[in-house]
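Asks: Knowing the structure of chain A, use the given hints to seat chain B on it.
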Amino acid sequence: KAGVTQTPRYLIKTRGQQVTLSCSPISGHRSVSWYQQTPGQGLQFLFEYFSETQRNKGNFPGRFSGRQFSNSRSEMNVSTLELGDSALYLCASSLVGEGGNTIYFGEGSWLTVV
Amino acid sequence: DAKTTQPTSMDCAEGRAANLPCNHSTISGNEYVYWYRQIHSQGPQYIIHGLKNNETNEMASLIITEDRKSSTLILPHATLRDTAVYYCIVRVGNQGGKLIFGQGTELSVKP
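Chains A and B are the protein sequences, given in the same order. As numbered in my numbering, residues 302 to 415 make up the first sequence, in order. As numbered in my numbering, residues 700 to 810 make up the second sequence, in order.
Since the hints were derived computationally from the structure, they do not count as laboratory data. Using N, Cα and C, we set each Cβ at its ideal position, and we do this for glycine too.
Simulated coverage check for chain A against chain B, where a stretch passes if three residues somewhere in it have a Cβ under 8 angstroms from a Cβ of chain B: (1) 328-335; (2) 345-352; (3) 384-395; (4) 399-408.
For lysine to aspartate or glutamate, the following DMTMM-like pairs were computed, each having C-alpha atoms within a straight-line distance of at most 25 angstroms: (5) Lys768/B to Glu399/A; (6) Lys358/A to Asp700/B; (7) Lys751/B to Glu399/A.
A short, non-exhaustive set of chain B residues, derived as facing chain A with CB atoms under 8 angstroms: (8) Asn729; (9) Glu730; (10) Tyr731; (11) Gln741; (12) Pro743; (13) Tyr745; (14) Arg790; (15) Lys797; (16) Gln802.
Isolated chain A (complex conformation) (with noise of 0.2 angstroms):
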């Protein structure tokens, strides 16, 4: 069975550019959440989706976006890129994100803003 998988791997964008990163959940999966990881301040949780719907949303300005499509898979945007969103972007998915169900994680997209 497939793990979550994440496209572009690599990718490095200008300041004031904007990039979208692309999601393919586990078959069956219908939660997808977004996570942005840096060295200062670690794992961060973006936001959730479900049904296509977004569910739970972090602490991050409006310039970070996703949607999901009828499918399950996701994309995130940010806009307007800044030199202090280079992280890595972490993409999860599970059946139903309820407690018992497992997230499982895909290798994540390396964004370097310069």
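Replies: Below, chain B without anything else, positioned relative to chain A:
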């Protein structure tokens, strides 16, 4: 904020059991304890989770105290490949797919 407290770092000799403690004194009755590990620059890897009872799988064992205020992750025969940051997470019941990560424990397995 994370609802767990873990030691910042631990060492373990290769081949010995690694016992990683976690305190979660404010855990509620319907909240699960999850353990993940992250090897440098990779995505977090699920290890094990539990609610009240002790759990064991092919990777590890999870021992939860009777009052549920603390737990211990046991890697029975640590190898060099078990060197990683280990995260203990209390998963809040009504927060869906949201996990709140703390700083974790950096485990170094030494030959």
